[in-house]
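Colleague: Listed below, chain by chain, are the residues.
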Amino acid sequence: MGHIKANSPSPMNMKKLTIGQRIFLGVLLWIIFISGLHSWRNGELFASNVLRVGFVPITCHLLCPVTYELNKDIPFKPIKFTAWPEMCEALKSGELDMAFILAPLAIMLNAQGFPIKLVMLGHRNGTGLMVRKDAENADLNWLEHKTIAIPIRFSNQYLTLLDLLDEAHIPESSIKLVEMPPPDMPSSLAMGAVDAYIVGEPYAAAGELNGAGQILYLMKDIRPGFISSVLVVREDVLKKRKKDLQRLIQAFYKNGAWIEAHRKEAAAIGAAFYRLPNALIEHVLLSQPDRVLYNDLLPRKQEIEAMAASMQKRGLLKGNFDVNAFLDTSMIPEVSR
Amino acid sequence: MRANGLKKWFEERWSAFLLSFLILVLWETAVHVFEIKPERFPGVFQILKGLWELIQDGRLLDYVVASLFRVTWGYLLAVGLAVPLGIFLGVKPFWRRTINPIVQFLRPISPLAWTPIALMWLGIGDYPAIFLIFLAVFFPMVLFTTSGVAGINPTYLYAASNFGIAGHELYSRVILQAALPEIITGLRITLGTAWLVIVAAEMIAVKSGLGYLIVDARNSLRMDQVLGGMFVIGLIGLLLDNVVRQLEKLPSIRWKRLKQ
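So the sequence lines, in the order shown, correspond to chains A and B. Mapping the first sequence onto numbering that gives the first Met the number 0, position 335 (from 1) lands on 334, and the numbers just tick up by one. Mapping the second sequence onto numbering that gives the first Met the number 0, position 106 (from 1) lands on 105, and the numbers just tick up by one.
Looking at chain A on its own, in the form it has when it is part of the complex (with noise of 0.2 angstroms):
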């Protein structure tokens, strides 16, 4: 390569490249074999009548993989997220048609004025606050002056646990709370980073399995029926195409039974689609029945019109906000009211 001259051009013998047109020409064709080979290997070429549904791998959304496993006959595709903020952006921009979201981010975004609708619940429960495992005899006392992890501010955890500390007469002040990725809270409660956290499954479960903590509670003793993810739908998807919406949303539902009744099929299917331990999806679904409810998802007004009044406790919502206007349970088949 040495010995050809950098700048000679060669105008005349077109076999001769100049090492300017040589590179240019490996750039060039480096160009055109990676973006082929990703258009190829990552291309997703949705068709335009696939609802796509966003979910976070957590028991909250399994209704997400058990429906996509059991009815392929209905065209949904699910698409995975690790971040909350990014599937509000998803949803926005049109990337989403619908998502499985925290509630209290639900009521946000819609109360920013972003078209939503709450059409069911994820599942009831499913959510625990777990602590060091040498806190010995500890209660509600006890997390005085610790250091507590939440998943995100805008959730049913974060605001029932200021509502646990209120009823302790512990005040915020005295406690410290950082938000954290849930995967990551079992190891920082096993490193000692953490003094509890509270969260959804599996995540709280994964604490209690790899010995890093143990429950103080679990939501279905103190907060019977507790609610943490919804499932939201796009105003214009649902005016443009409440049939197919109808029938995916009818067939989450019918799921939600099947899944009470098939708990160990439905776990693998969820450890599976969601690459987490077969184990663990387990412990949480058979473990203790009520540990994970999915057999009443129709959301009722008074719930979810406690749940703003919550936010608005805490300065997290701010004016009023119309929950008739964000509900929408008419694809809910009858037989569940």
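Calculated from the structure, these hints are not laboratory results. Some hints could be false.
[Stated by the list, open to error] Straight-line C-alpha distance at most 20 angstroms; calculated EDC-like pairs for lysine to aspartate or glutamate: (1) A:K79 x B:D61; (2) A:K253 x A:D72; (3) B:K36 x A:D162; (4) A:K91 x A:D72; (5) B:K206 x A:E94; (6) B:K206 x B:E38; (7) B:K206 x B:E52; (8) A:K71 x A:D243; (9) A:K145 x A:E94; (10) A:K76 x A:D183; (11) A:K175 x A:D220; (12) A:K145 x A:E166; (13) A:K132 x B:E38; (14) A:K263 x A:D243; (15) A:K79 x B:E34.
The hints should help you fit chain B onto chain A, whose structure is shown.
Modeller: Chain B in isolation, oriented as in the chain A frame:
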């Protein structure tokens, strides 16, 4: 000739290979001796097993391709715009005084700080990631080129003028050539930055790529694949650096080295 080259190559690197090997042996031994749980810190063989799983189901190839695709486009778009702008600023002192402060101001803002805006404007997918790479490369590249051009020895320009070289030819045969060593240094440094940024950007803005692999493996509680992903990222970074290093060996770059 080839055997000689190989021998030289090995002579230069055997100690680094030996040290890497010893570190891996020590690592694997420590994991067994101290009975470290795999979910805390997996051993070398476990990482290789995790990587093999990723290779088998095709995800590793998909993610490597996605990351390289985004870096390619972001990097080349930025270089394609930054080099002409840098040359322009290099030869026009007035415009340099006017535009440079803005470039200098934007340059230290981490591209990742632009993530919320990138997501809002461009949604999720390839575009925001390419945009972040573009930002990571564009501003430093403008500065490298500008300083390269502005620092050209005036003698070259006088000589060119004496030979009657002007216009397009002056830019392509004198100015660009004289500034090329600085530009190549810029290309090398910014490619490294681009690779750093793509991994971070893919942790937030997309659903494929090596950055996403790390987050996804973390969410699946697979520390072996987290570390396996890190290994692949390091390896590709090394390869990219080697590719750009080849440019420094070009005769049109070496002249400056020799002079120095």
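Colleague: Run every hint past the structure and note whether it holds.
Modeller: Comparing the hints with the structure gives:
1. A:K79 x B:D61: 16 angstroms, holds
2. A:K253 x A:D72: 15 angstroms, holds
3. B:K36 x A:D162: The given pair, whose Cα atoms are some 36 angstroms apart, is violated under the 20 angstroms limit.
4. A:K91 x A:D72: Violated: K91 of chain A and D72 of chain A sit about 27 angstroms apart, past 20 angstroms.
5. B:K206 x A:E94: Roughly 12 angstroms between the alpha carbons, so the hint for K206 of chain B and E94 of chain A holds.
6. B:K206 x B:E38: Not OK: K206 of chain B and E38 of chain B at ~23 angstroms, beyond 20 angstroms, violated.
7. B:K206 x B:E52: 19 angstroms, holds
8. A:K71 x A:D243: 14 angstroms, holds
9. A:K145 x A:E94: 40 angstroms, violated
10. A:K76 x A:D183: 28 angstroms, violated
11. A:K175 x A:D220: 25 angstroms, violated
12. A:K145 x A:E166: Roughly 17 angstroms separates the two Cα atoms, so the pair holds.
13. A:K132 x B:E38: 18 angstroms, holds
14. A:K263 x A:D243: Not OK: K263 of chain A and D243 of chain A at ~29 angstroms, beyond 20 angstroms, violated.
15. A:K79 x B:E34: Violated. K79 of chain A to E34 of chain B sits at ~34 angstroms, over the 20 angstroms cutoff.
Going down the numbered hints, you'll see the structure goes against 3, 4, 6, 9, 10, 11, 14 and 15, while the others check out.
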